[in-house]
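In order, the protein sequence lines correspond to chains C, D and G.
Anchor point for the first sequence: position 175 equals 175 in our numbering, and the numbering is continuous, going up by one each time.
Anchor point for the second sequence: position 288 equals 288 in our numbering, and the numbering is continuous, going up by one each time.
Anchor point for the third sequence: position 182 equals 182 in our numbering, and the numbering is continuous, going up by one each time.
The set of hints was computed from the structure by calculation and includes no laboratory data.
One should not assume that every hint holds.
[Claimed, not checked] Calculated lysine-lysine pairs in the DSBU-like style (CA-CA distance at most 35 angstroms, straight line):
#, chain 1, residue 1, chain 2, residue 2
1, G, 80, G, 126
2, D, 213, C, 197
3, C, 189, C, 145
4, D, 208, C, 190
5, C, 145, D, 246
6, G, 146, D, 5
7, C, 189, D, 213
8, G, 30, D, 187
9, C, 189, D, 208
10, C, 190, D, 213
11, D, 296, D, 5
12, D, 187, G, 146
13, D, 246, D, 296
14, G, 146, G, 169
15, G, 169, D, 5
16, D, 246, G, 30
[Stated by the list, open to error] Okay, the calculated beta carbon distance ranges per label pair:
#, chain 1, residue 1, chain 2, residue 2, range
17, C, 172, D, 195, 29 to 39 angstroms
18, D, 227, G, 30, 50 to 60 angstroms
19, D, 46, G, 181, 15 to 25 angstroms
20, D, 188, G, 158, 24 to 34 angstroms
21, G, 179, D, 354, 24 to 34 angstroms
22, D, 54, G, 160, 25 to 35 angstroms
23, D, 135, G, 107, 57 to 67 angstroms
24, D, 227, C, 196, 41 to 51 angstroms
None of the values given here were measured: they were computed from a predicted structure.
Just so it is clear, CB atoms sit at the ideal spot from N, CA and C, and this is done for glycine as well.
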Amino acid sequence: MLQEEQQVFSPPEALVDTPTHFCPGCHHGIVHRLVAEVLDRLRVAQDTICVASVGCSVFIYNYLHVDAVEAPHGRAAAVATGVRRARPESIVFTYQGDGDLAAIGLAEILYTANRGENMTVVFVNNTVYGMTGGQLAPTTMVGQKTTTSQQGRRFETDGAPLRMAEIIAGLPGTVYSARVAVDTVQHIKKARKVLLKGFTNQVENRGFSFVEFLSACPTNWRLSPLEANERVGKELIRAFPLGIFKDQESGGPDTESRRSE
Amino acid sequence: MKTEKASLLVKGNEAIALGAMAAGCECYFAYPITPQSEIPEMLSRILVEAGGEFVQAESEIAAANMLLGATACGKRAMTSSSSPGISLKQEAISYMAGSQLPAVIVNVCRGGPGLGSIDPSQGDYYQSTRGGGHGDYRTLTLAPASCQEAYDQTIQAFDLAFRYRNPVVVLGDAILGQMKEPIQAWKERAIQDSRGLSWSLSGARGRKPRLLKSLYLSDGALAGHNRLLQEKYQAMRVECDWEAYKTDDAELIIVAFGSMGRISKSAVRQLRERGLPVGLFRPITLFPFPDEPLAKLAEEGKRFLTIENNAGQMVDDVRLAVRRQSDSELYSVLPGILANPTDLLEPIQRVLHT
Amino acid sequence: MYQDVIIAGFGGQGVMLIGNVVAFAAMEQKLRVTFMPVYGVEMRGGTANCTVVISDEEIGSPIIFSPQTSILMNQPSVEKFQSRLEDGGVQLVNASIVDADLLEQDRIRTISVPANELADELGSVKMANMVMLGAWLQATGCLPLKAVQAALGQVFGEHNARLIPLNQKGLERGAAFVASQAERPVL
Numbered sequence: 001m002l003q004e005e006q007q008v009f010s011p012p013e014a015l016v017d018t019p020t021h022f023c024p025g026c027h028h029g030i031v032h033r034l035v036a037e038v039l040d041r042l043r044v045a046q047d048t049i050c051v052a053s054v055g056c057s058v059f060i061y062n063y064l065h066v067d068a069v070e071a072p073h074g075r076a077a078a079v080a081t082g083v084r085r086a087r088p089e090s091i092v093f094t095y096q097g098d099g100d101l102a103a104i105g106l107a108e109i110l111y112t113a114n115r116g117e118n119m120t121v122v123f124v125n126n127t128v129y130g131m132t133g134g135q136l137a138p139t140t141m142v143g144q145k146t147t148t149s150q151q152g153r154r155f156e157t158d159g160a161p162l163r164m165a166e167i168i169a170g171l172p173g174t175v176y177s178a179r180v181a182v183d184t185v186q187h188i189k190k191a192r193k194v195l196l197k198g199f200t201n202q203v204e205n206r207g208f209s210f211v212e213f214l215s216a217c218p219t220n221w222r223l224s225p226l227e228a229n230e231r232v233g234k235e236l237i238r239a240f241p242l243g244i245f246k247d248q249e250s251g252g253p254d255t256e257s258r259r260s261e
Numbered sequence: 001m002k003t004e005k006a007s008l009l010v011k012g013n014e015a016i017a018l019g020a021m022a023a024g025c026e027c028y029f030a031y032p033i034t035p036q037s038e039i040p041e042m043l044s045r046i047l048v049e050a051g052g053e054f055v056q057a058e059s060e061i062a063a064a065n066m067l068l069g070a071t072a073c074g075k076r077a078m079t080s081s082s083s084p085g086i087s088l089k090q091e092a093i094s095y096m097a098g099s100q101l102p103a104v105i106v107n108v109c110r111g112g113p114g115l116g117s118i119d120p121s122q123g124d125y126y127q128s129t130r131g132g133g134h135g136d137y138r139t140l141t142l143a144p145a146s147c148q149e150a151y152d153q154t155i156q157a158f159d160l161a162f163r164y165r166n167p168v169v170v171l172g173d174a175i176l177g178q179m180k181e182p183i184q185a186w187k188e189r190a191i192q193d194s195r196g197l198s199w200s201l202s203g204a205r206g207r208k209p210r211l212l213k214s215l216y217l218s219d220g221a222l223a224g225h226n227r228l229l230q231e232k233y234q235a236m237r238v239e240c241d242w243e244a245y246k247t248d249d250a251e252l253i254i255v256a257f258g259s260m261g262r263i264s265k266s267a268v269r270q271l272r273e274r275g276l277p278v279g280l281f282r283p284i285t286l287f288p289f290p291d292e293p294l295a296k297l298a299e300e301g302k303r304f305l306t307i308e309n310n311a312g313q314m315v316d317d318v319r320l321a322v323r324r325q326s327d328s329e330l331y332s333v334l335p336g337i338l339a340n341p342t343d344l345l346e347p348i349q350r351v352l353h354t
Numbered sequence: 001m002y003q004d005v006i007i008a009g010f011g012g013q014g015v016m017l018i019g020n021v022v023a024f025a026a027m028e029q030k031l032r033v034t035f036m037p038v039y040g041v042e043m044r045g046g047t048a049n050c051t052v053v054i055s056d057e058e059i060g061s062p063i064i065f066s067p068q069t070s071i072l073m074n075q076p077s078v079e080k081f082q083s084r085l086e087d088g089g090v091q092l093v094n095a096s097i098v099d100a101d102l103l104e105q106d107r108i109r110t111i112s113v114p115a116n117e118l119a120d121e122l123g124s125v126k127m128a129n130m131v132m133l134g135a136w137l138q139a140t141g142c143l144p145l146k147a148v149q150a151a152l153g154q155v156f157g158e159h160n161a162r163l164i165p166l167n168q169k170g171l172e173r174g175a176a177f178v179a180s181q182a183e184r185p186v187l
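Input sequences plus hints: build the corresponding full structure.
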């Protein structure tokens, strides 16, 4: 007997049904989808204000059914602070790449975390400036070749990559800081759980949550999508360990960071 | 509605803070800098007591971007600083102009360039009236000359910002910021409901999502956006405001704004007592610049002397305004020199008698 | 009616305070008034000064190069401001700590007030500023002494309310000193 069709899968409602501008093999699309799934799960998409940043990530507002404002390069956390203070009842998140958040916007992200602003930061780390053509980023690994470190990043001249999830975890204002990857199904499932926690914290008014996604950039890494995906597992995770670096009930001057998992 | 109230003896900076409160400012973001620190000091107390939000930001840049975020939500919001700090805010001001956000920015101007000094200066005239940051944009610019005007024009700045969805600069200087005068704080604090606005962000419940941005990449989109902005800047011309003092029978008209306007007024009075035919034209809006009334005075055969506490900036606008019939001389009081009426008497007479 | 004054002295002599008191009293008398302090770097050490302009008409400049009157609380203030006083102007000088040989008497009128001694007699040398202000009020007649005494309460606030009676006495002492020197106001 023919069973009645039962839908077991559908795209998230918060996600706009449209092709993206991202390159083949880019992980932004997966992260967008996870954000949409979490907003649906918490039923908050219609209460959400997204703060977009500068770089490949800017077009997130084309892919999510949420109110959005565009921040200048690096300033998303400061803009989100203004949004948060103006709309205490809204859900506020920033979506930022590594150049934006960890170089030009380092002061803004540190101070926003340290104030314990009740918001969620989605940080996509692909170790290069993507939109401008693959230049050395604050998270470029030592030895990694980019268009402005053509012999590979040298610690002696370029310093070392910043591990943002660990740095943010060290701030008293942070309640939650974690690093995830989306290169395997297992990692994606884990990432969804972590991101859900990052937004749930905000819904429950706990404070500042930070989720770093390791992401592939096949175009600027000069790799095929599959090779780029493999590199995340082989190289990036070694340089940027996955984990939850802080997870607590609330932020405050006396809280200690602790590592779980 | 104006209701008679007891006078308050306050600094110009405090008058600005009280004006922001009266205007219903709900969010204020700032970073300390002389000579405007009385504004954050006062608002950190009275705004927060009234249920508003104050953040002492990690930088001028962050403060301006917090302003961007709050105004994107349709809230009446403000930042204030002095010249070096205003330079740092220009990035966000350009974005707010491009995204059409109703921000109020107070600049209690000090001497430059660079770190300059904390002395009074009008050296940020170009910066305020030409946009100040990158791209083709303008900010409405108001130039109060007294503590009462500082109060009144701060209220007006919020109204104009929302009328045009555009950043508005209140351009004072260290004299105005630090001097005390009685003011009538006539307006009761009234909070505007931001929910009714057609553009502000609050979450897309029951409506389509809204986007506030300044990025226009598709074919022709940026040109269209710029056209719209330019039309808006033209429409602002109806807001032109100025004070004309004894200009009717004057042969020589002093053009000066802000504190230099009132210092010049004393000089004009003294010269009038000696029977000399001089008058004062004080632009109150610097952008839009009141060029039509100046052109009319030029048609009547008047001559002009622009006096500024800078190396000569507004004089460009005066010359443009009167160019068909006349020109303007310039008397420049360089930043670092505290202007006084006595020093103006000789240069005014020199121009009058040439 | 128009009256301007530059008040100058060491930081800590209460120069800004008496400027504020005069401005407040003028406001309460429904007059126009501006109070312009020097501030910031110049205030640390050296001479502190402020300019007060009182008028029954709109005031133009709050900054005056050549004032009609001055209250000079120390020697550096005399060195800086005496020559700037307008011809025929009146300066009130704290004779307790100013070299009498420096003082002009022809171009301008100088009233020497032994402010520190008079204040000491009242029990506190800190009252020297009020003595000088009282002397200035008597010399200029521009505001009623009672109005200025009343203004003290507003300017001092509750925290310092206990200091008001002594300061009021300081004002009276300065006024009485000038009254004993001249039959009528000098302006």
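Check your understanding: For the pair supplied as a hint, residue 80 (chain G) and residue 126 (chain G), is the alpha-carbon distance within the 35 angstroms limit?
Key -> 23 angstroms, holds
Check your understanding: Going straight from one Cα to the other, do residue 189 (chain C) and residue 208 (chain D) come out at no more than 35 angstroms?
Key -> Given pair residue 189 (chain C), residue 208 (chain D) holds - Cα atoms ~30 angstroms apart, limit 35 angstroms.
Check your understanding: Should the hint that residue 227 (chain D) and residue 30 (chain G) are 50 to 60 angstroms apart at their CB atoms be regarded as holding?
Key -> Given range 50 to 60 angstroms: holds, Cβ gap about 53 angstroms.
Review point. CA of residue 145 (chain C) to CA of residue 246 (chain D), is that 35 angstroms or under?
Key: With a Cα-Cα distance of about 72 angstroms, the restraint between residue 145 (chain C) and residue 246 (chain D) is violated, given a limit of 35 angstroms.
Review point. Given the hint that residue 146 (chain G) pairs with residue 5 (chain D), does the C-alpha gap stay at or below 35 angstroms?
Key: Status holds; Cα separation ~23 angstroms.
Check your understanding: Is 29 to 39 angstroms a correct range for the gap between the Cβ atoms of residue 172 (chain C) and residue 195 (chain D)?
Key -> Check passed, 35 angstroms falls within 29 to 39 angstroms.
Review point. Has the given pair, residue 213 (chain D) with residue 197 (chain C), been kept, meaning a C-alpha gap of at most 35 angstroms?
Key: Holds, because 29 angstroms separates the two Cα atoms, which is no more than 35 angstroms.
Practice item. Mind checking the hinted window 25 to 35 angstroms against the Cβ distance between residue 54 (chain D) and residue 160 (chain G)? Key: 28 angstroms, holds
Check your understanding: Range hint 24 to 34 angstroms: satisfied by the CB atoms of residue 179 (chain G) and residue 354 (chain D)?
Key -> 52 angstroms, violated
Review point. Is the straight-line distance between the alpha-carbon of residue 246 (chain D) and that of residue 30 (chain G) 35 angstroms or less?
Key: 26 angstroms, holds
Point to revise | Pairwise beta carbon distance, residue 135 (chain D) to residue 107 (chain G), judged against the given window 57 to 67 angstroms | key: Check passed, 59 angstroms falls within 57 to 67 angstroms.
Review point. Has the given pair, residue 146 (chain G) with residue 169 (chain G), been kept, meaning a C-alpha gap of at most 35 angstroms?
Key: Given that 35 angstroms is the threshold and the Cα spacing comes to 11 angstroms, the pair holds.
When each numbered hint is compared with the structure, violations occur for hints 5, 11, 19 and 21.
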